[in-house]
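Undergrad: Given the coordinates of chain Z, assemble chain X onto it according to the supplied hints.
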Amino acid sequence: MSKAAAVELAAVTKRYGTSVAVDRISLKIKAGTYCCLLGPSGCGKTSTLRMIAGHETVSDGDIRLGDTVVNDLPPARRGTAMMFQSYALFPHLDLVDNVAFSLKMKGVAREERREKALAMLGLMEMTPYASRRPAQLSGGQQQRVALARALITDPQALLLDEPLSALDPFLKIRMRAELKRLQASLGITFIHVTHSQEEAMALADLAVVMNGGRIEQAAHPRDLFNRPATPFVARFLGDHNVIEGRVAAVADGLVRFEVPGGPTLTAPAIAGTEAGAPIAVAVRTDKIRLGAAPDGLGFTGLVSNVEYRGSTVQVAFAVPGIDDFAVSLDEADFYRAPLALGDAVPLVWAPEHVHVLGHA
Amino acid sequence: MTFAHRVAPYLQALPLTLILGVFLVVPIAVIVMVSFWDYDSIRIYPDFVTFNYEETLFSFVTWKTYLNTLKFTFIVWAITLFVGFWVAYFLAFHVRTATMQTVLFLVCTVPFLTSNIIRMISWIPFLGRNGLLNTALVDAGIVPAPLEFLLFSEFAVVLAMVHLYTLFMVTPIFNTLMRIDRALIEAARDAGASGFQILTNVILPLAKPGIAIGSIFVVTLVMGDFITVRFMSGGQSASVGLMMANQISLLQYPAAAANAVVLLVVVLMIVAAIVRVVDIRKEL
Numbered sequence: 346m347s348k349a350a351a352v353e354l355a356a357v358t359k360r361y362g363t364s365v366a367v368d369r370i371s372l373k374i375k376a377g378t379y380c381c382l383l384g385p386s387g388c389g390k391t392s393t394l395r396m397i398a399g400h401e402t403v404s405d406g407d408i409r410l411g412d413t414v415v416n417d418l419p420p421a422r423r424g425t426a427m428m429f430q431s432y433a434l435f436p437h438l439d440l441v442d443n444v445a446f447s448l449k450m451k452g453v454a455r456e457e458r459r460e461k462a463l464a465m466l467g468l469m470e471m472t473p474y475a476s477r478r479p480a481q482l483s484g485g486q487q488q489r490v491a492l493a494r495a496l497i498t499d500p501q502a503l504l505l506d507e508p509l510s511a512l513d514p515f516l517k518i519r520m521r522a523e524l525k526r527l528q529a530s531l532g533i534t535f536i537h538v539t540h541s542q543e544e545a546m547a548l549a550d551l552a553v554v555m556n557g558g559r560i561e562q563a564a565h566p567r568d569l570f571n572r573p574a575t576p577f578v579a580r581f582l583g584d585h586n587v588i589e590g591r592v593a594a595v596a597d598g599l600v601r602f603e604v605p606g607g608p609t610l611t612a613p614a615i616a617g618t619e620a621g622a623p624i625a626v627a628v629r630t631d632k633i634r635l636g637a638a639p640d641g642l643g644f645t646g647l648v649s650n651v652e653y654r655g656s657t658v659q660v661a662f663a664v665p666g667i668d669d670f671a672v673s674l675d676e677a678d679f680y681r682a683p684l685a686l687g688d689a690v691p692l693v694w695a696p697e698h699v700h701v702l703g704h705a
Numbered sequence: 289m290t291f292a293h294r295v296a297p298y299l300q301a302l303p304l305t306l307i308l309g310v311f312l313v314v315p316i317a318v319i320v321m322v323s324f325w326d327y328d329s330i331r332i333y334p335d336f337v338t339f340n341y342e343e344t345l346f347s348f349v350t351w352k353t354y355l356n357t358l359k360f361t362f363i364v365w366a367i368t369l370f371v372g373f374w375v376a377y378f379l380a381f382h383v384r385t386a387t388m389q390t391v392l393f394l395v396c397t398v399p400f401l402t403s404n405i406i407r408m409i410s411w412i413p414f415l416g417r418n419g420l421l422n423t424a425l426v427d428a429g430i431v432p433a434p435l436e437f438l439l440f441s442e443f444a445v446v447l448a449m450v451h452l453y454t455l456f457m458v459t460p461i462f463n464t465l466m467r468i469d470r471a472l473i474e475a476a477r478d479a480g481a482s483g484f485q486i487l488t489n490v491i492l493p494l495a496k497p498g499i500a501i502g503s504i505f506v507v508t509l510v511m512g513d514f515i516t517v518r519f520m521s522g523g524q525s526a527s528v529g530l531m532m533a534n535q536i537s538l539l540q541y542p543a544a545a546a547n548a549v550v551l552l553v554v555v556l557m558i559v560a561a562i563v564r565v566v567d568i569r570k571e572l
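Quick mapping for you: the protein sequence lines, in order, are chains Z and X. Going by our numbering, the first residue of the first sequence is number 346, and it counts up by one from there. Going by our numbering, the first residue of the second sequence is number 289, and it counts up by one from there.
The set of hints was computed from the structure by calculation and includes no laboratory data. Idealized CB from N, CA, C, for every residue including glycine. Treat the hints with care, since some could be wrong.
[What the hints assert, rightly or not] Within a straight-line C-alpha distance of at most 20 Å, the following computed EDC-like cross-link-like pairs (lysine to aspartate or glutamate) qualify:
(1) Z:449 x Z:499
(2) Z:461 x Z:439
(3) X:496 x Z:442
(4) Z:632 x Z:676
(5) Z:449 x X:474
(6) X:496 x Z:439
(7) Z:373 x Z:407
(8) Z:451 x X:474
[As the list claims (entries may be wrong)] Examples of chain X residues lying across from chain Z (beta carbon under 7 Å, computed):
(9) 343
(10) 347
(11) 472
(12) 481
(13) 483
(14) 522
Extracted from the complex, chain X is given alone in its bound form:
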């Protein structure tokens, strides 16, 4: 084999290696490195201290924040899964023409034509104390006084997150549902399955990879979210991302880095658990 033959495969692999190296491996390595550094209120010092991890892992606030984040994650995951599955189901099985499917799918993506922040801010005039919804409810005599829990509350956080992330559940589930051979559903009906039995015995098992991928999207997005929590809770709720953002604004980079490493490990464990339950390789 000539020199060129031996080198060619490495050259072909080089661009991707460089991109992954520069944009994934190096940043993570830097974060891990910084998480062991020391800091004071104005600067950070190269060092090797485990203090940042001790502070993160043994503080009551961290645990509470993690639990709160996990709570958001679970609630948002459950709601997006429910809503996302039925939207995808409707698109895949009840919309007959491919054109209509494309049109309705594009309608689902319309919220993404504006930025994340604008979408969240738009909730404020709608949900606020004197917002559209409260005014309408009070005027209609349904409630005596404006509802306070609508905005700047955990309810608002969950609502905004569901709004932001449902599409990430719809897309992969829709994809798997579209791949289900319609003859399978007929075969199930031929074997005497009722609509519900077809759903539980054929459609859900075959939609599992899509559900798993959607779940990974939603879980990682919600676990890392800080801006939704900050805006929609009005500072009354905490999340891991928000905690890190606060540490960064106080220039406590090593503490934020340690927090980031812990978050990364937690998220990877959740993803590993999902992948263990469902074989998504079939889908990729």
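The following block holds chain Z by itself, in its conformation from the complex:
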């Protein structure tokens, strides 16, 4: 296997006519990293991947693979290989010829390329199916063939466009584990586009949350989850309550802020906070308890919805001035004293669980 390459984007922009799909994004992906580009549809993640792959021209900025600027190189000469969303296996070829396709294009002799393709299919444990056509395979098997076809070019970076979206939930989790294992054993850079935060959490060394053509935050999933940078990231990852308000006073390292039409709360002060400025904080749904609150670290909400989720119960509360507010309670605790719709319940959290968000 060839060496992994670092991928670097420098102020990369993609414009379609007058609309900007990707807006001057800069990102460094270290060699051998499993990177997930994460975001809602239309956030520019797929355009970014396709620019790295060379299937989309770069309007502005540079893309570097290792030490080479690859902006103007054709896809096959970049050292990348792409795995397509629906796998894009050639329906008229059997698996061996599918996997050997790039070798055939390079003019490798038939025997040699079939041998290599069979070896690659073996690595994916697909040898028994070698003479089948793609249509005769299940989704998971097709994915393995697509992986084999991408990896036979010996890429330095593998680009995956929503690779798991075509699979059913159980298979998704299994193939996810396979991808992770494969990346670990090959050691090459993986760049994986997904709209599922769960997938990104499970796989990524570096998760990049994108929104509106920009990067909101790029970090390890744990940092992302514990210290989301913006309200968008906190909301997109889920399991966070975002509370927005206006600063009333700053004193003793604490900020008091008012939610318009709602409660007054406190948060740790960060540098540059002034009275009158807008502020947003995030509190994780699993860090909130039921109980009377000291000043500024809780309020009373009305139960508006109860969802059973197995090990936890998600209770949604109506709170004046706050759009969505949910609390994740331990299942056993909840059923010891169940809540009913419309109950007024005091909620409380510890000061260290208030995370102040920046503005994007």
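TA: For chain X alone, coordinates are given in the frame of chain Z:
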């Protein structure tokens, strides 16, 4: 099961059976039957003679006519395939919007808004000795005298047939090309394929069913054609269809019927050969 339950499926199959029976099976059966009848210059007699087939199969004229028809078929097939494929390719891959594709496709069908005969006759003032093309060529000094081969020649027959039948090639090929997942072409490019390699390794193999269906259309139409050959060759060229038309005008129905049966068998063999090479079931 009740009586109604048992009868219902047969009733449902009845309309199609009747239509196919009345319009396909019965006429063919009649033609086969008549091909064994006897005839003289004024009437035909129910009989069982193989004379009509002997005359058809062992005559030098029949063989020559069949060869000539096959020659037309091959030339027209090759030209319509070439032209049709590239027209379909252009429509499918180079025209970006669906609206424009529909518009251009409708433009392709414009010739079919007039009748076959009128379209052929319109070639005459264009290609004739004093026609538009010859006049223009002579006036421009490109040729010293009017070109004679333009009209009433095999060239004219092939030209008219290509004009008439190219759309039958464009339509099915366009259809298959439109069904090719564009991601396949990207995947091929990702694997390092050049434009030509994408054409030969991805697009052509996937277009095969459309090419086969178009070929069947063109081959059967050209093999059975008589009016184009009669008009455009000015009576200087023969085809199987023309031979049959002549026999019918001489009231030699049994001879024409025998000829028709032979033609049917030949065409079916060609179609069988095409279907054997390409699996068109995927397309139907």
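Undergrad: Are the Cα positions of residue 496 of chain X and residue 442 of chain Z separated by 20 Å at most?
TA: holds (18 Å)
Undergrad: Check the hint pairing residue 461 of chain Z with residue 439 of chain Z against an upper bound of 20 Å on the C-alpha distance.
TA: holds (15 Å)
Undergrad: Holds or violated: is there a CB of chain Z closer than 7 Å to the CB of residue 347 of chain X?
TA: For residue 347 of chain X, the interface hint is violated, since the closest Cβ of chain Z sits about 45 Å away, which is over 7 Å.
Undergrad: Holds or violated: the hint that residue 481 of chain X contacts chain Z, with Cβ atoms closer than 7 Å.
TA: holds (5 Å)
Undergrad: Taking 7 Å as the limit, does the beta-carbon of residue 522 of chain X come near enough to a beta-carbon in chain Z?
TA: violated (46 Å)
Undergrad: Assess, step by step, whether the Cα of residue 496 of chain X is no farther than 20 Å from the Cα of residue 439 of chain Z, and give holds or violated.
TA: Holds. Residue 496 of chain X to residue 439 of chain Z sits at ~17 Å (cutoff 20 Å).
Undergrad: Holds or violated: is there a CB of chain Z closer than 7 Å to the CB of residue 343 of chain X?
TA: Where the cut-off is 7 Å and the nearest Cβ of chain Z is about 47 Å from residue 343 of chain X, the hint is violated.
Undergrad: Please verify that hint: residue 483 of chain X, Cβ, nearest Cβ of chain Z, below 7 Å or not.
TA: violated (11 Å)
Undergrad: Under 7 Å is the threshold here; is the Cβ of residue 472 of chain X close enough to any Cβ of chain Z for the hint to stand?
TA: holds (5 Å)
Undergrad: Take a quick look at whether residue 449 of chain Z and residue 474 of chain X sit within 20 Å of each other, Cα to Cα.
TA: holds (16 Å)
Undergrad: Can you confirm whether the C-alpha distance between residue 449 of chain Z and residue 499 of chain Z stays at or below 20 Å?
TA: The given pair, whose Cα atoms are some 15 Å apart, holds under the 20 Å limit.
Undergrad: Given the hinted pair residue 373 of chain Z and residue 407 of chain Z, is their Cα-Cα distance within 20 Å?
TA: holds (12 Å)
Figure legend: structure checked against the earlier numbered hints; hints not met, in rising order: 9, 10, 13, 14.
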